[in-house]
Amino acid sequence: MANNSEKPWVELGLTDYEYNLIKDILGREPNFVELNVFSAMWSEHCSYKSSKNVLKTFPTEGPQVLQGPGENAGVVDIGDGLAIAFKVESHNSPSAVEPYQGAATGVGGIIRDIFTMGARPIALLNSLRFGALNSPKSRWLFEEVVSGIAGYGNSIGVPTVGGEVYFHPSYENNPLVNAMCVGLLKHEDLAKGVASGVGNPVMIVGAKTGRDGIHGASFSSEDLGATEEKRPTVQAGDPFMEKLLMEACLELIKTGNVVGMQDMGAAGLTSSSCEMASRGNSGIEMDVALVPRREEGMTPYEILLSESQERMLVVPQKGMEEEVKKIFNKWGLEAVVIGRVTDDGIWRVKEGDQIVAEIPAKGLTDMCPVYDPEAQRNLVMDKIQNCDLIDLAEPKDYNQVLLDLLGRPTIASKEWVYEQYDYLGGINTVIPPGSSAAVIRIKGTNKGVALTVDCNSRYVYLDPYQGAMIAVSEAARNLVCSGAKPLAITNCLNFGNPEKPEIFWHFKEAVRGMGDACRELNTPVTGGNVSMFNETRGEAVLPTPVVGMVGLVEDISKVCTNSFKNEGDLVILLGENTDELGGSEYLAMFHGLEAGRPPHLDLAKEKALQQLTLELIAKNYAKSAQDISEGGLSVALAECCIKGNIGVDINLEDKIRPSALLFGEGQSRIIISATKENLDRIKELAFEYHVPFSLIGKVGGNQLTINGSEFTVSLPIFDIIDRYKGAIPCTMNN
Amino acid sequence: MYKALVYVTLKPSILDPQGNAVQVGLNSLGFDNVKDVRIGKYLEVTLEAEDKASALAQTEEMCKKLLANPVIENYRFDLMEV
Amino acid sequence: MRFGVVVFPGTSGEADCYHVLKEVMGSEVDYIWHQSIKFEKEYDCIILPGGFSHGDYLRAGSIAHFAPIMEQVKKFAQNGGLVLGIGNGFQILTEAGLLPGAFLRNKDLKFICKEVYVRVENNETPFTNNYEQGQVINIPIAHGEGSYFCDEETLEELRANNQIVLRYSSSTGEIKENYNPNGSIDNIASIINKEGNVLGMMPHPERCAEKILGNDLGKYFFTSIVKWLDGGANHGK
Chain A
58 MANNSEKPWV ELGLTDYEYN LIKDILGREP NFVELNVFSA MWSEHCSYKS SKNVLKTFPT
118 EGPQVLQGPG ENAGVVDIGD GLAIAFKVES HNSPSAVEPY QGAATGVGGI IRDIFTMGAR
178 PIALLNSLRF GALNSPKSRW LFEEVVSGIA GYGNSIGVPT VGGEVYFHPS YENNPLVNAM
238 CVGLLKHEDL AKGVASGVGN PVMIVGAKTG RDGIHGASFS SEDLGATEEK RPTVQAGDPF
298 MEKLLMEACL ELIKTGNVVG MQDMGAAGLT SSSCEMASRG NSGIEMDVAL VPRREEGMTP
358 YEILLSESQE RMLVVPQKGM EEEVKKIFNK WGLEAVVIGR VTDDGIWRVK EGDQIVAEIP
418 AKGLTDMCPV YDPEAQRNLV MDKIQNCDLI DLAEPKDYNQ VLLDLLGRPT IASKEWVYEQ
478 YDYLGGINTV IPPGSSAAVI RIKGTNKGVA LTVDCNSRYV YLDPYQGAMI AVSEAARNLV
538 CSGAKPLAIT NCLNFGNPEK PEIFWHFKEA VRGMGDACRE LNTPVTGGNV SMFNETRGEA
598 VLPTPVVGMV GLVEDISKVC TNSFKNEGDL VILLGENTDE LGGSEYLAMF HGLEAGRPPH
658 LDLAKEKALQ QLTLELIAKN YAKSAQDISE GGLSVALAEC CIKGNIGVDI NLEDKIRPSA
718 LLFGEGQSRI IISATKENLD RIKELAFEYH VPFSLIGKVG GNQLTINGSE FTVSLPIFDI
778 IDRYKGAIPC TMNN
Chain B
104 MYKALVYVTL KPSILDPQGN AVQVGLNSLG FDNVKDVRIG KYLEVTLEAE DKASALAQTE
164 EMCKKLLANP VIENYRFDLM EV
Chain C
21 MRFGVVVFPG TSGEADCYHV LKEVMGSEVD YIWHQSIKFE KEYDCIILPG GFSHGDYLRA
81 GSIAHFAPIM EQVKKFAQNG GLVLGIGNGF QILTEAGLLP GAFLRNKDLK FICKEVYVRV
141 ENNETPFTNN YEQGQVINIP IAHGEGSYFC DEETLEELRA NNQIVLRYSS STGEIKENYN
201 PNGSIDNIAS IINKEGNVLG MMPHPERCAE KILGNDLGKY FFTSIVKWLD GGANHGK
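Line order of the protein sequences matches chains A, B and C. All the letters of the first sequence, read from the start, carry residue numbers 58 to 791 under my numbering. All the letters of the second sequence, read from the start, carry residue numbers 104 to 185 under my numbering. All the letters of the third sequence, read from the start, carry residue numbers 21 to 257 under my numbering.
Among the hints, erroneous ones may be present.
As the list claims (entries may be wrong) - For lysine-lysine, the following DSSO-like pairs were computed, each having C-alpha atoms within a straight-line distance of at most 30 Å:
| id | chain 1 | residue 1 | chain 2 | residue 2 |
| --- | --- | --- | --- | --- |
| 1 | A | K622 | C | K42 |
| 2 | A | K500 | C | K231 |
| 3 | C | K127 | B | K138 |
| 4 | C | K61 | A | K382 |
| 5 | A | K500 | C | K95 |
| 6 | C | K127 | C | K95 |
| 7 | A | K676 | A | K733 |
| 8 | A | K419 | A | K500 |
| 9 | B | K144 | A | K265 |
| 10 | C | K42 | B | K168 |
| 11 | C | K42 | C | K58 |
| 12 | A | K387 | B | K167 |
| 13 | A | K712 | A | K740 |
| 14 | C | K231 | C | K214 |
| 15 | A | K471 | A | K194 |
| 16 | C | K231 | A | K755 |
| 17 | B | K167 | C | K58 |
| 18 | C | K127 | A | K387 |
| 19 | A | K700 | C | K95 |
| 20 | A | K712 | A | K755 |
| 21 | B | K144 | B | K168 |
| 22 | C | K231 | A | K504 |
| 23 | B | K167 | A | K194 |
| 24 | A | K676 | A | K740 |
| 25 | A | K265 | A | K194 |
| 26 | B | K155 | B | K144 |
| 27 | A | K615 | C | K231 |
| 28 | C | K127 | A | K676 |
| 29 | B | K114 | C | K94 |
| 30 | C | K58 | A | K387 |
| 31 | A | K471 | A | K664 |
It is worth saying that the hints were derived from the structure and are not from the lab.
In isolation and in its complexed conformation, chain A is listed as follows:
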């Protein structure tokens, strides 16, 4: 603090303006502890001060939404008195430093967010980004992150059923680790993070408090390169402890004695207690000396800001303290009363008799200043977007290009990843990882939920408005291809430093695009997470607004997968092929270009396509459904063959240059297969929905063949399987 001894708040990331505001709120100078508490709570990570005004534009309501943004997780109704709680959250910066523990505790944190709502976690997904796999550092991060997710998720017994992994050099130093958890609850068990009822006890339950991760919140809000020295001790996860905590909390909620509950994430005890008080329009008075500790000599400051994992703050009804203790003791856990709810709106912390901090609870939450950072489109975007992609040379060997695309780590099979995850635990997994979306049955009903996470960040970089619309649309398309009606989304918005106008422009545009798509597709935003400052020495990651979507399968016996099923089935393309190469994986791989505009998306067409597909699946007309995304039509067809272990013979008549026809990533296209008997009915329905329909081929044989007027692709299924499944293990086992 040598350079700023006059202004200690500057070291803590607070501006002069913010410091003066703090003085106004307190009516005096803050003490050391209070200043640190403000610094943590007013950090970007906790306060969302630069993104709040933009996030307000999201659609958040709908008849299906039981709980929108602002709680630990969003909740949607699925009928039968049941609901789904879900949320995605980032754990990027800890994972960059200690990938195993960073990823593991990310999983632990998001699971807590779900059972805090009174929901039993039933599935995990994750969205991961790493640098190119030819870099040893990226391979190390990839290996460790996957094993951290497996280590935590498998042990706690929540199946990891889906996800996505992309590789791009921009993530070399800033991997993204976004974890999503989905839980099932009965409406009446919905719990919230609220502290109310004067005199109700405030209890800390679960693990003991140590010095882990102090200042994690402000750490997450900084450029990684600049903070080598400030690096905090990264938290270590204990999935066994969390399993016990989860069982105890769910048992406690069933008793009906819980007023509110919140997990301790960033800024630990501080954020959980002041947020609960603030939501309940109450105050809280607590004594840090009563907090069970793992280490000796911890100061109030350390206890308040520790990010030790597997801890929760619980406010039960007055007089129920012993009941709470009994349940936690049964699971071998401690539950200790550390304070009471008050009615003065003050967050008051004592150590024994001595007051350590005294701050209006809302001063730490609602009164944090909100900013509208400057947003300015970088003029370099003109050059990138207008790059001429018309006169590009065509490849000589389309077979080779297709094989190479199938071997691109971003496209190749992620079996190496998901076979390390226990994706079957809970015996609900009807569609396991590897298809368009995962589908989980809901025991005791005839229903299921379909789950996916999606984002093509290259599209978002090239055109954030379109790119984010595509992320939402693709997520919905993936659900629809599984036979599910999209219900709602959660999002994790990963960006660079928002103080840079060009970054903030990307952020604003992406939020606008995501909002518009969510409105059109009736999938409101129920919550999520913003992760800024994903950059190292000024180099930001590609803007990555990840969409996590939940859909409802009304009849679980009618789910659909992407694999071709039987010899002789007809292959139908719904939607239109276009001559668009901008932002494609092919363009990046073959021409080394990340330029142009992403494929155009028309939301009305997209919606019609999705409604049609849902109806085709519900009527059992579609035997398989596969959306077309990275790698285009040829890769989509190859995947249907690979999963079905059967060939296909395709004839394309479009007058489009072969590279765009085969590898272009034009939107709003779905490939289905069907029996001949249903062909006319499918055609009629497509006509009704105004969706372009073309019969493009037939399933069968052991060869993938695609014929056009100017080209032929012909590859044995064995070769494409080999390339597709072998790519990642080959790289990782070297």
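Given the structure of chain A, go ahead and fit chains B and C onto it with the hints provided.
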């Protein structure tokens, strides 16, 4: 008070893939002279006991009952007064 | 017919076993808490389910076998009662000495979750009598420490007594090292004790016992048990 430093190692006949992986790693870092790596567990057990003999006996029992699995593992320990 | 499913802190397969026994098999079933010092009811079969009992810290299953309930399980087994250990349950049975051998980490050091093929080596057990001898079934595994190990002498004994019940194989029943997902000695996926009433298996039959999950071949482990018990077998009393 006594402190037992317990070393649990895989029996020599048992394949140690983790050790092999580390050996390969060391070799690729240029330590060509590394011929074998075996990975084991190290535990620090702090216990109260009347005298060293009893601490010794107790630690022995802990190893047999829980800390090592005799089917696959060997153990040894150092005991010190603290 | 009543099944008991033992719950240790950290196990997660108990609900899966419970569901299959109750909803698929229509049997009576209770959870039994690890701290219980006696069975509250009379049971026909005890199941030690999969998961990570006590976090599987130290060694998989090493701490669970000291739970008070394990004394009852041992007595039950000594009296001839049927005990089935699945995944972590198998690991606990070896730690407890109810089955020979021990477990090591998977040969490639990674947790593996996938469907594999196993060949039924002995269909004359209470747990496998609804399968054909030599039948190949696909069944999921999910473990990080699933490499079964025993010394040569024990292996000879297992062979001699026909105690090896399942071995990892190809889809056609061929048994080779490359069909061995975890490095288990002799491709062993399941063994039974000499007396023939305690069986441990690493694959998870409860995870493939319903058509909606795409595979119900695992169900026949449970129908075998029911058939055996219906046939008037020793109920461990």
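Hint by hint, here is what the structure shows:
Annotation: proposed proximity of K622 (chain A) to K42 (chain C) is violated, straight-line Cα distance about 33 Å (limit 30 Å). For the hint linking K500 (chain A) to K231 (chain C), the alpha-carbon distance of about 14 Å falls within 30 Å, and the restraint holds. Restraint check: the Cα-Cα separation between K127 (chain C) and K138 (chain B) comes to about 20 Å, which is no more than 30 Å; the hinted pair holds. The suggested pairing of K61 (chain C) with K382 (chain A) holds, with an alpha-carbon distance near 28 Å, which does not exceed 30 Å.
Pair hint K500 (chain A) plus K95 (chain C) does not hold up; C-alpha atoms about 35 Å apart against a cutoff of 30 Å. Of the supplied pair hints, the one linking K127 (chain C) and K95 (chain C) is violated, its CA atoms being roughly 35 Å apart against a limit of 30 Å. A C-alpha spacing of about 15 Å is found between K676 (chain A) and K733 (chain A), which places the hinted pair at or below 30 Å, so the restraint holds. This hinted pair does not check out: K419 (chain A) and K500 (chain A) have alpha carbons roughly 42 Å apart, beyond 30 Å.
Straight-line distance between C-alpha atoms of K144 (chain B) and K265 (chain A) comes to about 25 Å, which keeps the hinted pair within the 30 Å bound. For the hint linking K42 (chain C) to K168 (chain B), the alpha-carbon distance of about 36 Å lies beyond 30 Å, and the restraint is violated. Distance hint between K42 (chain C) and K58 (chain C) is fulfilled; the C-alpha atoms sit about 23 Å from each other, no more than 30 Å. Restraint check for K387 (chain A) and K167 (chain B): satisfied, since their Cα atoms lie roughly 29 Å apart, inside the 30 Å limit.
Between K712 (chain A) and K740 (chain A) the CA atoms are separated by roughly 22 Å; this keeps the pair inside 30 Å, and the hint holds. A C-alpha spacing of about 34 Å is found between K231 (chain C) and K214 (chain C), which places the hinted pair above 30 Å, so the restraint is violated. Our distance criterion of 30 Å between C-alpha atoms is met by K471 (chain A) and K194 (chain A), whose separation comes to about 19 Å. The straight-line distance between the Cα atoms of K231 (chain C) and K755 (chain A) is roughly 28 Å, inside the 30 Å bound, and the hint therefore holds.
At most 30 Å may separate the alpha-carbon atoms for a hinted pair to count; K167 (chain B) and K58 (chain C) meet this at roughly 27 Å. For the proposed pair K127 (chain C) and K387 (chain A), the alpha carbon gap of about 37 Å is over 30 Å, so the pair is violated. For the suggested pair K700 (chain A) and K95 (chain C), the alpha carbons sit about 49 Å apart, so the restraint of at most 30 Å is broken. Proposed proximity of K712 (chain A) and K755 (chain A) is supported: the alpha carbons are some 21 Å apart, at most 30 Å.
Our distance criterion of 30 Å between C-alpha atoms is met by K144 (chain B) and K168 (chain B), whose separation comes to about 16 Å. Under the criterion of a C-alpha separation no larger than 30 Å, the hint pairing K231 (chain C) with K504 (chain A) is consistent with the structure, at around 15 Å. For the proposed pair K167 (chain B) and K194 (chain A), the alpha carbon gap of about 42 Å is over 30 Å, so the pair is violated. This hinted pair checks out: K676 (chain A) and K740 (chain A) have alpha carbons roughly 14 Å apart, not beyond 30 Å.
Distance check on the hinted pair: K265 (chain A) and K194 (chain A) sit about 34 Å apart at the alpha-carbon level, beyond 30 Å; violated. A threshold of 30 Å between alpha carbons decides the hint, and for K155 (chain B) with K144 (chain B) the separation of about 23 Å falls inside it, so the pair holds. A hinted pair counts as satisfied when its Cα atoms are at most 30 Å apart, and K615 (chain A) with K231 (chain C) qualifies at roughly 13 Å. Annotation: proposed proximity of K127 (chain C) to K676 (chain A) is violated, straight-line Cα distance about 47 Å (limit 30 Å).
Distance restraint check for K114 (chain B) and K94 (chain C): the Cα-Cα separation of roughly 28 Å lies within the 30 Å cut-off, and the hinted pair is therefore satisfied. A hinted pair counts as satisfied when its Cα atoms are at most 30 Å apart, and K58 (chain C) with K387 (chain A) qualifies at roughly 17 Å. Distance check on the hinted pair: K471 (chain A) and K664 (chain A) sit about 29 Å apart at the alpha-carbon level, within 30 Å; holds.
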